[in-house]
Every structure is written in C-alpha cells, then in structure tokens.
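> Here's the letter readout for the chains.
There are 2 protein chains.
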Amino acid sequence: MSAFVIWRFTLQNKAIILLSGGIDSATALAIATDRGYETYALTVDYGQRHKIELSSADLMAKHFKVCRHITLKLDLRAFGGSALTDNIEIPKGEPFSVNDFNIPSTYVPARNTIMLSMALSWSEVLGARHIFIGANAVDYSGYPDCRPEFIESFQSLANLATKDGVEGRHFTIEAPLISMSKAQIIQLGIKLGVDYSMTHSCYDPSKEGLSCGSCDSCLIRKNGFIEANYPDPTTYINKNG
Amino acid sequence: MSAFVIWRFTLQNKAIILLSGGIDSATALAIATDRGYETYALTVDYGQRHKIELSSADLMAKHFKVCRHITLKLDLRAFGGSALTDNIEIPKGEPFSVNDFNIPSTYVPARNTIMLSMALSWSEVLGARHIFIGANAVDYSGYPDCRPEFIESFQSLANLATKDGVEGRHFTIEAPLISMSKAQIIQLGIKLGVDYSMTHSCYDPSKEGLSCGSCDSCLIRKNGFIEANYPDPTTYINKNG
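Sequences listed follow chains D and C, in order.
Numbering-wise (my numbering), the first sequence opens with residue 1 and increments by one.
Numbering-wise (my numbering), the second sequence opens with residue 1 and increments by one.
Next up, chain D with everything else stripped away, as it sits in the complex (with noise of 0.2 Å):
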C-alpha cells in the first residue's frame, strides 16, 4: 500500500460525533463506532438548563473510548429566545407530533447550524470527512434544523466554506437517524452497545438531576423505551412516570 493511499484512508477514516448526552448522539456514536471510525466527540456547553447532560456526554464519551473529547463553552444565553436557555417555562403536558406545525419553544435559534459549524471547523483541523449528528426528523418534526433538507444544505455549505471543500476533500454530514422513530433509535442502540441509563433526556431537570417525566423530551423518551419493548432506566421525580 502506497504512502498516500495509507494517508487517504487515514483521513476518510476519522469522525466527529456532536455528543450532547441524550439518546440520539449516544446512538450517532454508536453507529459512527461501528462503521469503524476512529471517533472525537464535540460538546457544546450553551448555557442550556439541563446542564446535566454535560456529564452524560462525558460518560458516553469514555464508554465508547473516543480519540478525543472536547467540550466547547458558547454561552448562547446572550441572546435568549428559547426555554432552553432563558427565562422561558418547559412546556408540559403532551409531546409534539409529527402532526403538529407549531416549533416548540424549546427550539433554540439555529443551534444546530452553530454546532456543525463547530464540528465543522474542527473536522478541517483533524482532517476528517464525516460529521455525525443525531438529527431526527420524526419525534422533532416541529425543529426546522433537524430536517433532511436542512442536513444536505449544511453539507453543501461546508464543502464551499472550507479550504478542504475548495481543494476536493469533501465533507458528509452523516445523519443515520434522521428517519428513525425513538423506538427504533433505542433498538439499534442497544445492539450497539450503548448504556441509555448514561444518558439525560429532561429540558428540566430536579437540582438532583432527576427527571421531570413530563416534559417533551420526558415524554418521548418514555413513549420511545414503551414501543421499543425495553424497560426505561431512567429515575424520574415522580416514581410512577
């Protein structure tokens, strides 16, 4: 094998795995570790409420024995606008639906894009051509940056924004869950070894990190471990769910 073809594999052979410490980036970790990349995982601390999943991201970044893990601080809390990050009240009650327009007020602005941006930057650093996010596009049918159409525009934008792209190294943003329903999610993911009870979900949290089970992403967790046929590890504040 040539130095170069040596070189080349090196670099298709590299991921970054936007790790926030829910189900999905734990699964988008998984599937990347499968496939057989060599594995950095990228968190953003963006002054969300549920801090906790910081520590989630830390611990499934261990279990999968990622080559690096970094935690960015951006402290989007600067710009309000989202229950996530201001003065906002959690939603309760029933999750959205794929039937449902209205986007929640859990939707921070453009969160998505500042953190493939993120990832992007450092995937042109480290030379690696896949960008994995857990992106889904049927339990957040109401987040416009969690949408195919949305993935391939990133895609496109990254290959024109960066010297890597301009010289033909090109970048994919790999979004194998975008099509999936939580059940499935958690399904695959348990084939793949991953740990859900490592894992946060709750946009609200007790001080004691337990969660509320019933917000949104309470709901839909819960909704996804029912269909999935597997019982839920979760400690929620109320023990009856």
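If you are wondering where the hints come from, they were derived from the structure by calculation, not from laboratory data.
No experiment lies behind these values; they were computed from the predicted model shown.
Among the clues, some could well be false.
With a cut-off of at most 27 Å between alpha-carbon atoms, the simulated DSS-like pairs for lysine-lysine come out as follows [unchecked claim]:
#1 D:K73 x C:K73
#2 C:K92 x D:K163
#3 D:K207 x D:K222
#4 D:K73 x C:K51
#5 C:K14 x C:K73
#6 C:K51 x C:K73
#7 C:K51 x D:K163
#8 D:K73 x C:K92
#9 D:K14 x D:K73
#10 C:K163 x D:K51
Okay, the calculated beta carbon distance ranges per label pair [to be verified]:
#11 D:I190 x C:K207: 24 to 30 Å
#12 D:I88 x C:G93: 49 to 55 Å
#13 D:D75 x C:I237: 24 to 30 Å
#14 C:S156 x D:I88: 26 to 32 Å
For every residue, glycine included, the Cβ atom is placed at its ideal position computed from N, Cα and C.
Position chain C against the provided structure of chain D, taking the given hints into account.
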C-alpha cells in the same frame, strides 16, 4: 398605518453586523448605519492572537451608536489549525494576491460559517432580517469563506435552518464589500464617517498593541491607504512602515 405594517417595518429595520474591529467590518457597520438600520453588533472572542482588535470593535460600536454590542467567547484554540489561534508562525513579507491560490496559514477553519451561525441565532431572537459581514473576495481571495458563492449558500441555509426562514420571514446575508478593493472600502468608509484610527488589522501586534507592519494584514492595510490616497492613521512598530 396598521399595527401589522408597523410590526413588519420594525422587523425589517434591524440588522446585525459581525464586527471584528478591522477596516472591513467597521465599514460594513457604517454602511448598515447609513442605510438606516437599527444596528446590533456581534463580536467573537475566538482566542485570536490579536485580541486587541476586540477593543477596536468596542470603540467602533460606540462610535456608530449601535443598539447593543455583544462579545461572545468561543475558544477555537481548542481545535488549533490556524496561525491566528495556534503556535504557527504568522507569515511576513509579501501579501498574497488574487493570483495566489494558496490559502494562507492565517485561515481559521470555518470561521465565517461559525460567526454567521451565531449572528443567525441572534437575528432570529431579535427579529432582524439582515446580517452584515465585511467579507471581501478581492484582497482575501485565498479564504474560501469570503467568496460570493459561500455567502449565497449560507443565505439558503439560513432560510432552511430557522423557524423564521421556514415560516417565510427570510434572512438576507449582506456582504456589501465583497467585490471592492481595500482602497475603495477605505474611501467609502471615510465618506460614511469611519474613523480608521480606531480600527486594528495587524495579526501579530506588539504587547503594547502596535502593528508589526509586515504581516499580510498590515501590508494590505498600508497598500489600501496608499491607493486610497489617504494618510494611514496606524502606528507601526517600525516608524518607516
């Protein structure tokens, strides 16, 4: 005038300007002000060696009486890969030109993508429809994220990535300097009231903040003032320039 029309007018009247503290972004701010926008300035402290440009951005924001100026920290030194953030030597001597297709070591991977994403987030919260960036394809032809095709691609992305975009309240990425020479930018800025003594360009300033006079950015700046036939207000370490 109906309440709806007033509301639409208010929305259309806000603009965010990416303000670095250099000649180009100062001029972009002057243009936005001249066009009658209510201006909001965003500066990113990304760990640049020439941190002194942040004070220039402060001065310029005050000079043009922006409604609000936010400086956000995002430490891109965590990724490295650029002479502006890493222990890579700043190139000195001849500036690169439009005929030079080598991307210089001062290129910061995906910097403009990251900054525009942050501006997009704030724009959506503010209801601002216009984002100004001082990108310039003439002097900085080597930077992939200073080209018109990058700006157009980001605008398409912005309108897919956001609640506002999806709901038909479109964003425009304004890059009014993209095809101008540095001399033309300086001449326009002077007409519009920019005090260039407040701006900073040098990539490798002394501890006291004096400009080196020989990095790419200093050379382009000096040349711009000569061609604009306007005295260069910069204090260089070597007084002979």
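> K14 (chain C) and K73 (chain C) were given as a pair; does the straight-line alpha-carbon distance stay at or below 27 Å?
23 Å, holds
> Does K51 (chain C) sit within 27 Å of K73 (chain D), going by the straight-line distance between their CA atoms?
18 Å, holds
> Is the gap between the beta carbons of I190 (chain D) and K207 (chain C) within 24 to 30 Å?
57 Å, violated
> 49 to 55 Å was suggested as the range; check whether the CB atoms of I88 (chain D) and G93 (chain C) agree with it.
Because 53 Å falls inside the window, the suggested range holds.
> In this structure, is the beta-carbon distance linking D75 (chain D) and I237 (chain C) contained in 24 to 30 Å?
Once the Cβ atoms are compared, 35 Å apart, the range 24 to 30 Å for I237 (chain C) and D75 (chain D) is violated.
> If you draw a straight line from the CA of K207 (chain D) to the CA of K222 (chain D), is it 27 Å or shorter?
21 Å, holds
> Tell me if the straight-line CA distance from K73 (chain D) to K73 (chain C) falls inside 27 Å.
8 Å, holds
> Verify the proposed pairing of K14 (chain D) with K73 (chain D), using a straight-line Cα cut of 27 Å.
23 Å, holds
> When you check the alpha-carbon spacing of K73 (chain D) and K92 (chain C), does it fall within 27 Å?
33 Å, violated
> Would the hint linking K92 (chain C) and K163 (chain D) be met if the CA-CA limit is 27 Å?
The hint holds at about 21 Å.
> Verify the proposed pairing of K163 (chain C) with K51 (chain D), using a straight-line Cα cut of 27 Å.
Holds, at about 24 Å.
> Hinted pair, alpha-carbon criterion (27 Å max): K51 (chain C), K163 (chain D). Please report holds or violated.
24 Å, holds
Hints 8, 11, 13, counting from the list given before, are not met by this structure.
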